[in-house]
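K.L.:
Whenever a hint applies, use it, and build me the whole structure from the sequences.
So the chains spell out like this:
2 protein chains.
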Amino acid sequence: MTNQETAPTAKDYYFDSYAHFGIHEEMLKDSVRTLAYKDAILGNKHLFKDKIVLDVGCGTGILSMFCAKAGAKMVIGVDMSDIIHKAREIVKENNLSEIVTLIQGKIEEVELPVPKVDIIVSEWMGYFLLYESMLNSVLVARDRFLAPGGIILPDKATLLLAGIEDAEYKDEKISYWDNVYGFKMSCLKEIALKEPLVDTVEAKAVMTTAAVLKEIDIMTVKEEELSFKTDFELKATRSDFAHGFVGYFDIEFSFCHKPVRFSTGPHAKYTHWKQTVFYTHNDLIMNPNESIKGTLSLKPNERNPRDLDILIDFKCAGKDCNVSESLKFQMS
Amino acid sequence: MTNQETAPTAKDYYFDSYAHFGIHEEMLKDSVRTLAYKDAILGNKHLFKDKIVLDVGCGTGILSMFCAKAGAKMVIGVDMSDIIHKAREIVKENNLSEIVTLIQGKIEEVELPVPKVDIIVSEWMGYFLLYESMLNSVLVARDRFLAPGGIILPDKATLLLAGIEDAEYKDEKISYWDNVYGFKMSCLKEIALKEPLVDTVEAKAVMTTAAVLKEIDIMTVKEEELSFKTDFELKATRSDFAHGFVGYFDIEFSFCHKPVRFSTGPHAKYTHWKQTVFYTHNDLIMNPNESIKGTLSLKPNERNPRDLDILIDFKCAGKDCNVSESLKFQMS
Numbered sequence: 001m002t003n004q005e006t007a008p009t010a011k012d013y014y015f016d017s018y019a020h021f022g023i024h025e026e027m028l029k030d031s032v033r034t035l036a037y038k039d040a041i042l043g044n045k046h047l048f049k050d051k052i053v054l055d056v057g058c059g060t061g062i063l064s065m066f067c068a069k070a071g072a073k074m075v076i077g078v079d080m081s082d083i084i085h086k087a088r089e090i091v092k093e094n095n096l097s098e099i100v101t102l103i104q105g106k107i108e109e110v111e112l113p114v115p116k117v118d119i120i121v122s123e124w125m126g127y128f129l130l131y132e133s134m135l136n137s138v139l140v141a142r143d144r145f146l147a148p149g150g151i152i153l154p155d156k157a158t159l160l161l162a163g164i165e166d167a168e169y170k171d172e173k174i175s176y177w178d179n180v181y182g183f184k185m186s187c188l189k190e191i192a193l194k195e196p197l198v199d200t201v202e203a204k205a206v207m208t209t210a211a212v213l214k215e216i217d218i219m220t221v222k223e224e225e226l227s228f229k230t231d232f233e234l235k236a237t238r239s240d241f242a243h244g245f246v247g248y249f250d251i252e253f254s255f256c257h258k259p260v261r262f263s264t265g266p267h268a269k270y271t272h273w274k275q276t277v278f279y280t281h282n283d284l285i286m287n288p289n290e291s292i293k294g295t296l297s298l299k300p301n302e303r304n305p306r307d308l309d310i311l312i313d314f315k316c317a318g319k320d321c322n323v324s325e326s327l328k329f330q331m332s
Numbered sequence: 001m002t003n004q005e006t007a008p009t010a011k012d013y014y015f016d017s018y019a020h021f022g023i024h025e026e027m028l029k030d031s032v033r034t035l036a037y038k039d040a041i042l043g044n045k046h047l048f049k050d051k052i053v054l055d056v057g058c059g060t061g062i063l064s065m066f067c068a069k070a071g072a073k074m075v076i077g078v079d080m081s082d083i084i085h086k087a088r089e090i091v092k093e094n095n096l097s098e099i100v101t102l103i104q105g106k107i108e109e110v111e112l113p114v115p116k117v118d119i120i121v122s123e124w125m126g127y128f129l130l131y132e133s134m135l136n137s138v139l140v141a142r143d144r145f146l147a148p149g150g151i152i153l154p155d156k157a158t159l160l161l162a163g164i165e166d167a168e169y170k171d172e173k174i175s176y177w178d179n180v181y182g183f184k185m186s187c188l189k190e191i192a193l194k195e196p197l198v199d200t201v202e203a204k205a206v207m208t209t210a211a212v213l214k215e216i217d218i219m220t221v222k223e224e225e226l227s228f229k230t231d232f233e234l235k236a237t238r239s240d241f242a243h244g245f246v247g248y249f250d251i252e253f254s255f256c257h258k259p260v261r262f263s264t265g266p267h268a269k270y271t272h273w274k275q276t277v278f279y280t281h282n283d284l285i286m287n288p289n290e291s292i293k294g295t296l297s298l299k300p301n302e303r304n305p306r307d308l309d310i311l312i313d314f315k316c317a318g319k320d321c322n323v324s325e326s327l328k329f330q331m332s
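In the order they appear, the protein sequences are chains G and A.
Taken in order, the first sequence gives residues 1 to 332; the numbers are from full-length UniProt numbering.
Taken in order, the second sequence gives residues 1 to 332; the numbers are from full-length UniProt numbering.
Honestly, the hints are just simulated from the structure, not real lab data.
Just to be clear, a hint being listed does not mean it is correct.
For chains that are exact copies, the list does not tell them apart, and a pair is met inside one copy or across any two.
Listed next, the in silico DSS-like pairs over lysine-lysine satisfying Cα-Cα at most 27 angstroms (straight line) [said to hold, decoys possible]:
#1 38 with 299
#2 73 with 184
#3 222 with 156
#4 173 with 69
#5 69 with 319
#6 29 with 274
#7 49 with 184
#8 38 with 156
#9 319 with 184
#10 29 with 229
#11 258 with 51
P.N.:
Listed below in structure tokens is the structure:
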């Protein structure tokens, strides 16, 4: 559409490029993610019939089109990115322009063609749930536009943590820097240690119970509650070494007739969010039922608010181990 | 070092982040790449003894340190990126600060502590050799700083093309957009078709002879020769379908006592450059010894000079096939 409206600028041009479009391809091809939304929406037409829906961060428009197919009277998709020009072409190609309206802009500033909406749908989740996540925009949309009695899909998110055995990969990511073709690169080792690692963790690597760090009810949560400090206890489920922690999240659409859920944990099917690994400095020797007790605090970095500061203080005291660490991570 | 010299800015801070540092990790861990440089440098101390070396785009400083170990009298590493602050820490940690001097700046503008250098080393290669490559900077360094009789490592690069059978992946990358959870996304299919795909191609997928598109002698090549148009002929080596072309490059250090070479082709060991795939619109039915004849032209995009415009015109006329296509690709 944009090319017909205005001559494309270098910036439009950039957003037409694969580099940008690739992330949308990855998200669409994440079938755990996309099918969960499809099931929640198309499997619950009774929720959508004749309703007005707002899709926050609509990207290629896939969720907006699901909502239109589910019987919504009007779907408004909002996205800041120039991908919205492609979304318009896609909506038109699928003959849904009558129902789906796409608006480019920030949810904080955008004016909608209607005062209130009945349903907000959004796929806002980032790595470790909250990294570069759009949840704040969903809360703004909720407070500005959601009608009394309206609903949000999904409405529940849970952030979890567990201990993992990960000797081989920890070596490759951390010890690697002690001898790089014969040279020491300690300053890069420091960076590797302070940066949580987004990668896949096998289910069998998990060697403790999982702890819930945060349960978020998107219907009621306030922005300030997204910076938090919480205690956790992880009990060893077998004799093993702990080399670090794995963080992941679960998502629930509880307004569905049958709640739709998916997990991004090591035990679940692959998603593009993978898992997030936080390595400890020491390897912890653990026996069954011994615990790692600690606190995790999470907040946006003050200088770079898109980054996350994550502090993990823990103590592991057991038969063969007595370690305390205070770890500072920055997701950037 | 920078942290001692000046308070870090948000920008320094960004460059300290893993996001940026990750590309250097990937390059270092590309052992085909890094070991080729190590062999070429440490295996040829007679070339380096008491010489002055310039490392163009030194990154973490690994090549500069190889040169120092090989007996160079002085090594000057130049890089625009703030990674150079880490490189300084690394050089210091490895007690090579006496020999290795690191300068942040553009090679076009930088002033060196010496008028001329005996050797230029650089790892400048990009995807499909020339995408976002630093070769232009190496040519500038050569013309500004290389002493008469000086040498460049590596000094030879060859760009090649072959035909591939790739039904399954072509489907996943191209046909995918015809039906995305029940919707058509033709505008994204267009983007996918015009963007060369950087990915690994199996050796067995190659079903034609390979053609040399360009041989570059870095000692003598001029910048304008890096935009070119060349004819190619690819002869089928078996009865199969051709679904597109694979592009890759070979590198040679010919000044070594025994020339050091590596290839980034489908037949060779994995490198972080992988291969570059150009899909045709039609699938070509080919029999042994039938040919695809065409021309490939390559030049920087006028609006975005960091992008590459690649045009492939070809004709495939055989017993079961008579197809001509004129393909416009943009690497961005």
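K.L.:
Hint compliance check: list the failing hint numbers for this structure, sorted ascending.
P.N.:
1, 5, 9 and 10
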